[in-house]
Structure formats: structure tokens, C-alpha cells
Amino acid sequence: GAVVSQHPSRVICKSGTSVKIECRSLDFQATTMFWYRQFPKQSLMLMATSNEGSKATYEQGVEKDKFLINHASLTLSTLTVTSAHPEDSSFYICSAAQGSRKTEAFFGQGTRLTVV
Amino acid sequence: KNEVEQSPQNLTAQEGEFITINCSYSVGISALHWLQQHPGGGIVSLFMLSSGKKKHGRLIATINIQEKHSSLHITASHPRDSAVYICAVRGSGGGADGLTFGKGTHLIIQP
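Just so you know, the sequences run in chain order A and B. According to this note's numbering, the first sequence holds residues -17 to 98 in order. According to this note's numbering, the second sequence holds residues 8 to 118 in order.
FYI, nobody ran anything at the bench for these hints, they're computed from the structure. Be careful, since some hints might not be right.
[Claimed, not checked] DSBU-like, lysine-lysine: derived pairs with alpha carbons at most 35 Å apart:
id, chain 1, residue 1, chain 2, residue 2
1, B, 75, B, 110
2, A, -4, A, 46
3, B, 61, A, 46
4, B, 61, B, 110
5, B, 61, A, 23
6, A, 48, A, 2
7, B, 110, A, 37
8, A, 46, A, 23
9, A, 37, B, 8
10, B, 8, B, 62
11, A, 2, B, 110
12, B, 60, B, 8
13, B, 110, A, 48
14, A, 37, A, 2
15, B, 61, B, 75
16, A, 37, A, -4
17, B, 75, B, 8
18, A, 46, B, 75
19, B, 8, A, 23
20, B, 62, A, 23
21, B, 110, B, 62
22, A, 23, A, -4
23, B, 8, B, 61
24, A, 23, B, 75
25, A, 48, B, 62
26, A, 23, A, 37
27, B, 62, A, 37
28, B, 61, A, -4
29, A, 48, A, 23
30, B, 110, A, 46
31, A, 23, A, 2
32, B, 60, B, 110
33, B, 62, B, 75
34, A, 2, B, 8
35, B, 8, A, 48
36, B, 75, B, 60
37, B, 8, A, 46
[To be verified] One-sided and incomplete, this derived list gives chain B residues near chain A with beta-carbon spacing under 10 Å:
id, residue
38, 49
39, 106
40, 110
We treat Cβ as the ideally placed atom computed from N, Cα and C, and that holds for glycine.
In isolation and in its complexed conformation, chain B is listed as follows (with noise of 0.2 Å):
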């Protein structure tokens, strides 16, 4: 079973920082997915990376499939930002395998 970890599990910081919020996994995957939680509960899917680099806006995710890491990066951050950002994982079992999660990081930005 795949273990996910993010880092950091709390950050706060002032508008118009660089944010960097990282990802690590312990099993191939077939796909990573950075996932935006509200308040609300609702999510968004941001990103989804089998490899490289995507860019989307002021998002930026990463992934390095030999080390088994991913990043999420925000220029330019925005208090509009706030909320918590989830990594997830699909296996590479080939079929429709269900997500694994971290446990999301804690994301606001103060104006």
C-alpha cells in the first residue's frame, strides 16, 4: 500500500510569497494528483502528473518519478489561495485503482 506525505502540514505566509508544498510517495504510480480542499469540504483537481512539469496560472506542479516526489508551487500567492492542498496518488496496478492521500497541507496567506 502506498504511504503519501506532504510537507509542511501548516503554512502561513504573506501575500505575494513563492509557496513550495511537497509530496512523497513509497510505491510506483500511474498518476499524481494535486487536489484544492475549501472549507466546505468540495474539491478541485488541479493537477494531474504522470511526469515533467505542468503550469496552470499561478500553479506549478512537478514531479520526479525516480525519487518518488512531487511539488506544488503558487507565485504570487493570494489570500484567495487559502485552503488545503491535497496530494494523491493512483497505483500502476493498470486498472482503476482508487486514490491514496496525504493528509493535506494547511495553506493561508495572509493580505
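In isolation and in its complexed conformation, chain A is listed as follows (with noise of 0.2 Å):
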């Protein structure tokens, strides 16, 4: 099956600085990537979407400014925190989607960020 490599799987990171969560599509070209997060016992929420070469979509109440996502080419999408603050810990997740095979859901790993 097709294979989403996501890194790092936990990172730790101090008040006001910016972390960067790669997504990866290993063995076929993710026309759309999906971020997700999910908060302590609660459901995972998409947070946003992204199509290779073009601006992303945020969800309702996802501040574009602070979530930076970049889908540069179909193999790699990133999600930049910016400036985290301790609310925004979290399990992050990306999920990409192959052109005709876009009801499909290939899962990355998921990255744990605590900002202390």
C-alpha cells in the first residue's frame, strides 16, 4: 500500500519558537495533503488542505498565519507552528490523497509537539 513518512514523531520546543513537520509521500504523488490535529481525548479536526502549488484551505478557526503550509511538489507538504504557544500541543497528523485515488486516506505516523 502507499507508504506517507511523517517527521519527526515527537518534538519538544519552547514558547515562541517555530516547529516544522514534514509530510512525505514515499512511492506516489500526493496531489492533495490533509493536516489534522487532535487534542487530548478528543476527535482528530482537519485543520487544513492543501493541493500541490497552490494556497491552502484553513478550516474554520485555524489561523493561516500561524499554521504555515507549504505543498511545494507532490512528494512534500509541511506544517510550519509558528511562534507555538503551550495550546497548541498537540498530535498533528497529515493524511495525503492520490489523484483519482482521492477517497482513499494514506496516514502519516503523526507528530506529538508539546511546547513548554
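Put the two chains together into one complex; each comes in its own frame, and the hints tell you how they fit.
Set out below in C-alpha cells:
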């Protein structure tokens, strides 16, 4: 099956710093990448959808200037959490969709972000 | 916006028992996913359904489009099946839409 690699799996950072999370599709071209986050004991929530070469579409309540998404190639999307605060501590996970197989979901391993 | 409801929220059973987890949604979809999430957070895709029934090993997933309902069954359950099982749906807008997730069912299988 299709493989999506997400890095890092865990990161601890200080308040005010920025953290970049990478999501790579290893054996297919991801025309669309989705970024989700999950707070403790809550369900996963869609943050944004990005299509290769175009600006990401953010869900209501997600600050686009704080969560910068870049999808510059068909195999790589990045999420940068800028000026991180402790309330940004969460589990972030990406999912890739491939062209004609857009209803399928290929997930990265997730990133546990802790902001101290 | 689709509302996805799962039941039960928590389930503890003995090894060998037949397990059923239910999922209902409110708006038409293009696909429904059953996912498994382990304590570390990683997610494994178990099934993607748009109609009918699928089987993989001891896992069976069914969907009734008219009733907007899906079930995940585990036969001969084993402690290694302990995980959070999540139902997620994708809209029928035609494009690549993000998933809407249920809150998950926390399953514990005791030896």
C-alpha cells in the first residue's frame, strides 16, 4: 500500500519558537495533503487542505498565519507552527490523497508536539 | 457539515468475544473509513467502504448507505486488538475532501 512518512514523531519546543513538521509520500504523488490535529481525549479535526502548487484552504478557526502549510511538490508537504504556545501542544497528523484515488486515506505516523 | 456518531465510546470484553462497533453519520458521503489508533497515536487504515461489506482476516466492515450507518466487527477478539477504533467519512462533493471523524471507540480486550 501507499506509504506516507511524517517527521518528526515527537518534538518538544520552547514557547515562541517555530516547529516544522514534514509529510512525504514515498511511493506515489500526493496531489492533496490534509493536516489534522487531535487534542487529548478529542477526535481528530481537519486543520487545512493543501493542493500541490496552490495555497492551502484552512478550516474555520485555524489561523493561517500561525500554521503555515507548504505543498511545493507532489511528494512533500510541510506544516510550520509559528510562535508556538503551550495550547498548540497536540498530536498533528497528515494524510495524503492520490489523484484518482482521492477517496482513499494514507496517513503519516503523526507528530506529538509539546510546547513548554 | 457531517456529524459522525460512534457507539459505544468504551468497550471492555474478554478474549474470544465477538465485537461490534457502530457508526452513524448525518449527510451523504463518498466513502467511509474505519481506522485503528494505537496509544502512541499512529493511525492504521483498516477499511474504506462506499457500499456493501468488506472482510480482512478477523475484521468485517459493513455499510448501509440508505440508513447512513456502518458497523465494524471483530471476530475471535484478542488482546492485541485493544486500540481506539475510529470511524471517518469523506464528503460527496466530488473533490478531495478532508475526513470528518467520530470520537472513537476505546476497545480493551482482556485475556
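Hint by hint, here is what the structure shows:
Of the supplied pair hints, the one linking residue 75 of chain B and residue 110 of chain B holds, its CA atoms being roughly 17 Å apart against a limit of 35 Å. Restraint check for residue -4 of chain A and residue 46 of chain A: the C-alpha separation of about 21 Å stays at or below 35 Å, so the hint holds. Restraint check for residue 61 of chain B and residue 46 of chain A: not satisfied, since their Cα atoms lie roughly 39 Å apart, outside the 35 Å limit. Only pairs whose Cα atoms come within 35 Å are accepted, and residue 61 of chain B paired with residue 110 of chain B is accepted, the gap being roughly 22 Å.
With a C-alpha separation of about 29 Å, the suggested pairing of residue 61 of chain B with residue 23 of chain A holds against the 35 Å cut-off. At most 35 Å may separate the alpha-carbon atoms for a hinted pair to count; residue 48 of chain A and residue 2 of chain A meet this at roughly 12 Å. Pair hint residue 110 of chain B plus residue 37 of chain A holds up; C-alpha atoms about 29 Å apart against a cutoff of 35 Å. Note on residue 46 of chain A and residue 23 of chain A: the hinted pairing holds, with a Cα-Cα distance of about 25 Å set against a maximum of 35 Å.
Taking the CA atoms of residue 37 of chain A and residue 8 of chain B, the gap is near 23 Å; set against the 35 Å cutoff, the hint holds. In summary, the hint linking residue 8 of chain B to residue 62 of chain B is supported, as the alpha carbons are separated by about 29 Å, within the 35 Å threshold. Between the alpha carbons of residue 2 of chain A and residue 110 of chain B the distance comes to roughly 27 Å, so the proposed pair stays at or under 35 Å and holds. With a CA separation close to 25 Å, the supplied pair residue 60 of chain B and residue 8 of chain B stays within the 35 Å bound.
For the given pair, residue 110 of chain B sits about 26 Å from residue 48 of chain A by alpha-carbon distance, which is consistent with the 35 Å threshold. With a C-alpha separation of about 17 Å, the suggested pairing of residue 37 of chain A with residue 2 of chain A holds against the 35 Å cut-off. Taking the CA atoms of residue 61 of chain B and residue 75 of chain B, the gap is near 17 Å; set against the 35 Å cutoff, the hint holds. Only pairs whose Cα atoms come within 35 Å are accepted, and residue 37 of chain A paired with residue -4 of chain A is accepted, the gap being roughly 28 Å.
The hinted pair formed by residue 75 of chain B and residue 8 of chain B meets the criterion: a straight-line CA distance of about 14 Å does not exceed 35 Å. Restraint check: the Cα-Cα separation between residue 46 of chain A and residue 75 of chain B comes to about 33 Å, which is no more than 35 Å; the hinted pair holds. Proposed proximity of residue 8 of chain B and residue 23 of chain A is supported: the alpha carbons are some 22 Å apart, at most 35 Å. Note on residue 62 of chain B and residue 23 of chain A: the hinted pairing holds, with a Cα-Cα distance of about 29 Å set against a maximum of 35 Å.
Only pairs whose Cα atoms come within 35 Å are accepted, and residue 110 of chain B paired with residue 62 of chain B is accepted, the gap being roughly 23 Å. Restraint check for residue 23 of chain A and residue -4 of chain A: satisfied, since their Cα atoms lie roughly 24 Å apart, inside the 35 Å limit. For the proposed pair residue 8 of chain B and residue 61 of chain B, the alpha carbon gap of about 27 Å is at most 35 Å, so the pair holds. Using a Cα cut-off of 35 Å, the hinted pair residue 23 of chain A and residue 75 of chain B holds, with the two alpha carbons roughly 25 Å apart.
For a cut-off of 35 Å, the pair hint linking residue 48 of chain A to residue 62 of chain B is broken: about 42 Å separates their Cα positions. Note on residue 23 of chain A and residue 37 of chain A: the hinted pairing holds, with a Cα-Cα distance of about 31 Å set against a maximum of 35 Å. Proposed proximity of residue 62 of chain B and residue 37 of chain A is contradicted: the alpha carbons are some 39 Å apart, above 35 Å. Under the criterion of a C-alpha separation no larger than 35 Å, the hint pairing residue 61 of chain B with residue -4 of chain A is inconsistent with the structure, at around 46 Å.
Between the alpha carbons of residue 48 of chain A and residue 23 of chain A the distance comes to roughly 23 Å, so the proposed pair stays at or under 35 Å and holds. Restraint check: the Cα-Cα separation between residue 110 of chain B and residue 46 of chain A comes to about 25 Å, which is no more than 35 Å; the hinted pair holds. For the hint linking residue 23 of chain A to residue 2 of chain A, the alpha-carbon distance of about 24 Å falls within 35 Å, and the restraint holds. Our distance criterion of 35 Å between C-alpha atoms is met by residue 60 of chain B and residue 110 of chain B, whose separation comes to about 23 Å.
Simply put, residue 62 of chain B and residue 75 of chain B have alpha-carbon atoms about 19 Å apart, close enough for the 35 Å limit, and the pair holds. Taking the CA atoms of residue 2 of chain A and residue 8 of chain B, the gap is about 30 Å. The hint holds against a cut of 35 Å. As the CA atoms of residue 8 of chain B and residue 48 of chain A are separated by approximately 25 Å, the hinted pair is consistent with the 35 Å bound. Annotation: proposed proximity of residue 75 of chain B to residue 60 of chain B holds, straight-line Cα distance about 14 Å (limit 35 Å).
Proposed proximity of residue 8 of chain B and residue 46 of chain A is supported: the alpha carbons are some 21 Å apart, at most 35 Å. At its closest, the beta carbon of residue 49 of chain B sits 5 Å from a beta carbon of chain A; the interface hint therefore holds under the 10 Å criterion. The interface hint given for residue 106 of chain B holds, since its Cβ lies 6 Å from the closest Cβ of chain A, which is under the 10 Å cut-off. The beta carbon of residue 110 of chain B is positioned within 10 Å of a beta carbon in chain A (closest approach about 5 Å), and the interface hint is therefore held.
In this structure, the hints that do not hold are numbers 3, 25, 27 and 28, in rising order.
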